[in-house]
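Residue numbers (my numbering), protein chains in the order written: chain A, 5 to 295; chain B, 564 to 843.
Be aware that a few hints might be false.
[To be verified] So these bits of chain B aren't anywhere near chain A, every CB distance computed over 10 Å:
| # | residue |
| --- | --- |
| 1 | Val-582 |
| 2 | Ala-658 |
| 3 | Phe-660 |
| 4 | Lys-666 |
| 5 | Ala-689 |
| 6 | Val-713 |
| 7 | Leu-778 |
| 8 | Thr-802 |
[What the hints assert, rightly or not] If you only want the chain A side, here are some residues facing chain B, beta carbon under 8 Å, derived:
| # | residue |
| --- | --- |
| 9 | Ala-133 |
| 10 | Gly-255 |
| 11 | Pro-281 |
For the record, the hints were derived by calculation from the structure and aren't laboratory data.
Glycine included, each C-beta is placed from N, C-alpha and C at the ideal position.
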Amino acid sequence: MVSLAQDVAPSHRSGRMSAEATWGLIMLIPYIAIFLTFVLYPVGYGLYLGTEVKAYQRIFDDPIFIRTLVNTVIFLGLGVNIKMFLALLLSGFFVHERRWIRWVSFIFILPWAIPSIPTILSFRWMLNAEWGMVNSLIFQFTMQDGPGWLLDRVYGLGSIVTIHIWKYLPFWTLILVAARLTISKDLYESADVDGASGLQKFLYITFPGVRNMYITSTLLSTIWTLGDFNSIYLLTGGGPADSTQVLATLGIRYAFGMSEIRAGVATVIVALPFMIPITILMLKRLRGEAQ
Amino acid sequence: MNIRKAFGEARLMLVGLVVVIWTAIPIYHLFVMSITPQAEAFAGAVWPKSPTLDNYKTVLTQGHYFLGHFWTQLFNSALVAVAVALLTLTVGTCASFAISRLKVRFGETVSNMALLTYLIPAAFLAIPMYTTMGQYGLLGSRWSLILTMVTFASPYAIWMLRQYADKLPYELDEAARIDGASPIQIFWLIYLPLMMPSMVAIGTYALLLAWNEYLYAFLLLSSDTEITLSVALGHFLSTDDAPWNLLMATGIIYALPPAAIYYAFRRYMVAGLTAGAVKS
């Protein structure tokens with residue numbers, strides 16, 4: 005449709021071409037100005053800051069950095085995949101048309117709509133080893149002290165993944181609900197006639213129907229999760245002893261906590277070889293699908 | 564057959580119950596802490612022995628060292644959010660109109676630039692953004708935060724608004740042109756009214772994004788009278804004996820406006836997000 009209009013239109017408006025072209029350019033100026041001053045220049049400046057080889061030697065000599073890379077992989081691997089898989093399953097719940105399910109979805113979306121800082125700090129206090137609600141309940145029921153949730157790397161990373169999923173699951177569930185709604189109901193009806201089981205319907209109708217969206221969402225979520233600063237910083241602060249840092253928080257720590265701007269930039273640039281292929285893939289997918 | 568149906572319904576309700584509990588836990592805890600008196604803040608109780616609204620009173624009357632500028636900071640949050648929403652809408656509608664309706668040269672390039680920006684993880688740009696804001700002399704001013712958030716919100720705005728704009732029948736513009744309408748008249752009289760629903764969605768999105776922002780607010784702003792409420796909440800963490808009950812009461816107040824706005828514009832938001840965020 006769009007390309008058709010594009011082909012036909014110019015012949016009708018040759019006389020006004022200049023006025024429209026001028027206005028078109030003027031209306032693009034605000035975004036171009038923002039892009040140049042607040043995207044292109046900072047990115048270029050960041051890349052320039054990241055040209056110093058010494059900064060990379062410095063961070064690779066730092067045992068914290070290596071551990072941070074491992075943490076980042078764990079955080080992405082678990083956080084993104086568990087979240088997307090749960091979103092896929094839960095979307096099957098939210099497609100049911102019930103009045104009360106609409107109310108559930110009202111509550112379910114809250115974590116995404118409200119700011120991270122109060123909810124993550126609430127979670128943090130709840131998990132406090134000495135005074136938190138979780139350990140006080142554990143003590144009441146078992147008469148034993150609960151673990152120091154945020155004082156240990158494994159529990160800390162587990163809590164980080166949990167709060168990340170809590171915060172972003174609603175958004176991706178919503179996206180996958182929309183994808184499921186595009187699947188024709190006839191397919192399910194004829195599957196019912198043929199006596200297909202629930203699992204068969206999921207495997208042969210639902211999953212093929214949402215697969216494209218699932219992959220696109222997973223890639224997009226991977227990139228955004230890489231930039232999730234709040235879930236780590238507000239929950240564990242990267243601690244204890246920097247054992248739960250990820251690239252996004254360690255970069256900030258180098259740059260602002262230790263005044264090593266170049267080491268901070270280098271920390272982020274290390275992720276580029278991983279990010280660029282995903283970004284190119286995403287650009288192709290998003291653009292291809294838009295047309 | 565009826566038993567099977569009832570069983571299916573029960574299973575749905577079980578899932579619904581789990582979903583509600585899972586979602587409510589941190590929010591419930593937030594609320595419980597906010598009505599817990601200082602003396603009980605370290606008890607870890609599921610419900611306080613003597614619930615109180617005193618914490619809210621302390622917050623609203625700025626009655627604590629950490630809350631000395633509560634109202635100014637709340638105002639800053641609102642100012643930044645509204646400014647970001649308005650600027651993002653301006654940038655987004657203009658650009659989408661030029662790209663989709665006027666088919667301006669380089670329109671596709673600009674659209675791709677926006678899409679690329681959309682794919683940058685926001686935290687990764689924090690350090691260069693901070694240094695360049697310093698070079699521009701904007702560091703510490705609320706403008707630095709506003710402009711940063713517009714930078715992050717407008718790619719999505721352009722992308723989404725463009726999707727909608729492409730769906731409007733081109734004949735509308737054609738007819739207006741034949742009647743002698745200028746591009747500006749088409750923009751004001753045809754484009755904007757038709758785009759209103761998606762603009763509400765984008766405006767809400769930008770508003771929430773800016774209101775909820777923590778990282779950039781805390782990096783770019785510093786003085787007590789310039790920071791937003793999110794940064795002030797972060798300041799509570801600077802001491803070990805922070806008044807967590809006051810922190811939680813402030814947190815509830817801070818979380819209410821975005822929740823209310825979300826529910827008010829939910830209709831537009833859901834349609835907008837699912838249609839444009841990830842196009843399938």
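Hint check results:
1. Here Val-582/B does not stay apart from chain A, with its beta-carbon only about 6 Å from theirs, under the 10 Å limit.
2. A Cβ of chain A approaches the Cβ of Ala-658/B within 10 Å, the least distance being about 4 Å, so the stated non-interface status is violated.
3. In this structure Phe-660/B is not separated from chain A by more than 10 Å, as the shortest Cβ-Cβ distance comes to only about 6 Å.
4. Chain A draws Lys-666/B into its interface by the beta-carbon criterion, the shortest separation being 6 Å against a cut-off of 10 Å.
5. Distance to chain A contradicts Ala-689/B as a non-interface residue, since its nearest Cβ pair spans about 6 Å, not more than 10 Å.
6. Remark: the non-interface label on Val-713/B conflicts with the geometry, its nearest Cβ contact in chain A lying 6 Å away (cut-off 10 Å).
7. A beta-carbon of chain A is positioned within 10 Å of the beta-carbon of Leu-778/B; the least distance is around 5 Å.
8. Chain A leaves Thr-802/B outside its interface by the beta-carbon criterion, the shortest separation being 14 Å against a cut-off of 10 Å.
9. At its closest, the beta carbon of Ala-133/A sits 10 Å from a beta carbon of chain B; the interface hint therefore is violated under the 8 Å criterion.
10. Given the 8 Å rule on beta carbons, the hint for Gly-255/A holds: about 6 Å separates it from the nearest Cβ of chain B.
11. Proximity of Pro-281/A to chain B is violated relative to the hint, the smallest CB-CB distance being about 12 Å (cut-off 8 Å).
When the structure is compared with the earlier hints, violations turn up for hints 1, 2, 3, 4, 5, 6, 7, 9, 11 and for no others.
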